[in-house]
Amino acid sequence: MLTPTICRMKVFAPRLASAAQPGQFLIVRADEHGERIPLTISDYNKEKGTVSIVTQQIGASTTQICAMEEGEAFADVVGPLGVPSEFTEMSPEALSAQRYIFIAGGVGTAPVYPQVKWLHERGVAVDVIIGAKNADLIIYKDEMEAVCDNLFICTDDGSAGFKGLVTAMLEKLVAEGRTYTQAVAIGPMIMMKFATLTARKLNLPIIVSLNTLMVDGTGMCGACRVSVAGKTRFACVEGPEFNGYDVDFDEAMRRQGMYKTEEIEAGHKCKIGRGK
Amino acid sequence: MANRIPRVPVREQDPKVRATNFEEVCYGYDASEATLEASRCLHCKNPRCVAACPVGVKIPDFIAHVAAGDFAAAALKIAEDSSLPAICGRVCPQETQCEGSCILGVKGEPVAIGKLERFAADWNLENGGAEVEKAPANGHKVAIVGSGPAGLACACDLAKAGYDVTIFEALHRPGGVLEYGIPEFRLPKDKVVAAEIEDVRRLGVKIETNVVVGRTVTIDSLMDVEGFEAVFIGSGAGLPKFMGIPGENLNGVFSANEFLTRNNLMKAYREDYMTPIHAGKKVVVVGGGNVAMDAARTALRLGAETTIVYRRTETELPARREEVHHAKEEGVQFAMLTNPVEILGDEKGWVRAVRCIRMELGEPDESGRRSPVPVPGSEFEIETDTVIMSLGTSPNPLIAKTTAGLETTRRGCLVADEAGVTTRQGVFAGGDAVTGAATVILAMGAGRKAAAAIDAYITSSGK
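Protein chains in written order, with my numbering: chain H, 1 to 276; chain C, 277 to 739.
Accuracy of the hints is not assured; some may be wrong.
[What the hints assert, rightly or not] What follows is a list of derived Cβ distance ranges for each label pair:
#1 H33/H - K292/C: 28 to 36 Å
#2 Q701/C - G71/H: 43 to 51 Å
#3 P188/H - E657/C: 48 to 56 Å
#4 E657/C - E176/H: 54 to 62 Å
#5 R477/C - M68/H: 24 to 32 Å
Read the hints as simulated data drawn from the structure, not as lab findings. Note that CB positions come from ideal geometry on N, CA and C, so glycine has one too.
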């Protein structure tokens, strides 16, 4: 457990580990009766055939995942899914001209880590802002410190680092004269929305990673559809990363809450109104 | 005269009762009903039914065994050409294939070939029928992408010919559309789909689930690293279409794929599964194919008042006649010559109503169907909580995008000839991935043809 409600686990999945790249995700099913839950890949080891995943307990399924003990196995693990981060396709010359700022919110810090690590290993300049409610909810601090140039911590209550939001931190860094060519924000939808607004104000390009609802994760169901630059896109196969400026965050947030009522009732009597 | 006997009716669950459960609608024949119905076959010298079957099941021969009471022999006869008879007996559009060409149908009712096939296959599953003959192992490895009807049929023929076959499936259960698309009440999952797939495994076919070809592995890595000499792509047409009208991203608008996958693969209708599903009190299903019928009848069973909205008339409905009939019996409403133009939402972004326009049939289009044209000024609203878009699907672009040299058509379908030969050497394809969304049996037919082509390719390469 990284915090009382966030757990990290290593999963043995050799094919997946050998194919995984930064920016991709996977889907797990805890047991035969479970949902398919999309989770970001927070690290992978191609030699050992393992991938790391980080889960925050928010509903019945994620609670079940977090309750799993070492040695237990998921019923299913599938991936890697989604398109790898844009920078994995860039030439070394193009990359060396970049200065990245990653904005990580809460459990979104986990998928930021492999991206920062990948860039750092290739000598690209990377700064990271980690935001959390309080000091206890900060994850991946030490790991991140080891792979970035500068790490900045913000908490809502000031119990660690800067007291305030990640957006204020970003503005502060730029005001202090730091220059960036590309921002990447991963975290709660609302944080990515405001990070995008701030980046736009600062004239900074920004990429966001959308954690939409999904069933299959292969482009089959369309539950993950989002409006990007006025067009409907499937986050699972065309994302999860998109240009932040183009994303309709309000729609994405509304769609994310679609099964809220059902989820609250999960583990309960009849959820489908049969026999009404 | 044999044809004096009327077609033996098949017993079904009472429509009022079945509208509230997910048990199979049709009970099928029992032994005496099947024997009697089988006695109606005229055993034509040139059986038109066989010619009309995409996999060429020797229909009069198996029916003769049923008539004689030798059900095991009947099942073996079918197994020579079809690996999934209990499935086909349930979901094939017999009225346009075998039964549609039955000579008895000219003046009266055709032989109930589908129901007889189902009977023989079910009997075989229950009584653990005889082993199918299989050639000795030849040591050649073939990979199959997708465990739907095309992939399973291809795998069976290759396994019978001695090949070492592995199927890669992206989802967590094999079966493709048989598992995620067609509902339990039409095609039972454990009793029929899983059981027939188990028969495929018994032939020596390996099935690896949770492998997304194009992501977890690629066609190239399968051939270059894992040593498969040929690959068959039967990845289906899984990408849902939307109409492109305003309001389609409102909460409560789903693709039929999502709605059915949640209910079928993810078993949302069962209380012991965690999958959520949203039907609401009123559901509008847009489209007129089998998938639209499946979605509507599923929504109905989840307790919703359900209406199918289709832009042509009932005559043009592409769904199987039996499905339309069953849907009506169960209480699904049909709004024909109606087309949605906008989906309206409430202040919280949930669906409130669908604005539709009345249509009328105009001149026939290139497909010969009269194309619907809107009646100006005829817009009206249908109040609803949920809209399910069932407008067809297209092939998933993932494999084509990640495989060099594999060409696709403008519609995203893989380019392949009749035998399944693609533009890439050693790579074959068939089923919905090539044709766009069609039927289980056409996909199986394509899988069988590709199996023959793969056999010829590997044999001629002389490895």
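Hint check results:
1. Remark: the range hint 28 to 36 Å for H33/H to K292/C is upheld by a beta-carbon distance near 30 Å.
2. At roughly 45 Å, the beta-carbon separation of Q701/C and G71/H lies within the given 43 to 51 Å, and the hint holds.
3. Separated by about 36 Å at the C-beta atoms, P188/H and E657/C break the suggested range of 48 to 56 Å.
4. Between E657/C and E176/H the CB atoms are about 56 Å apart, so this pair conforms to the stated range of 54 to 62 Å.
5. Take R477/C and M68/H: their Cβ atoms lie about 29 Å apart, and the range 24 to 32 Å holds.
Of the numbered hints given earlier, the model fails hint 3 alone.
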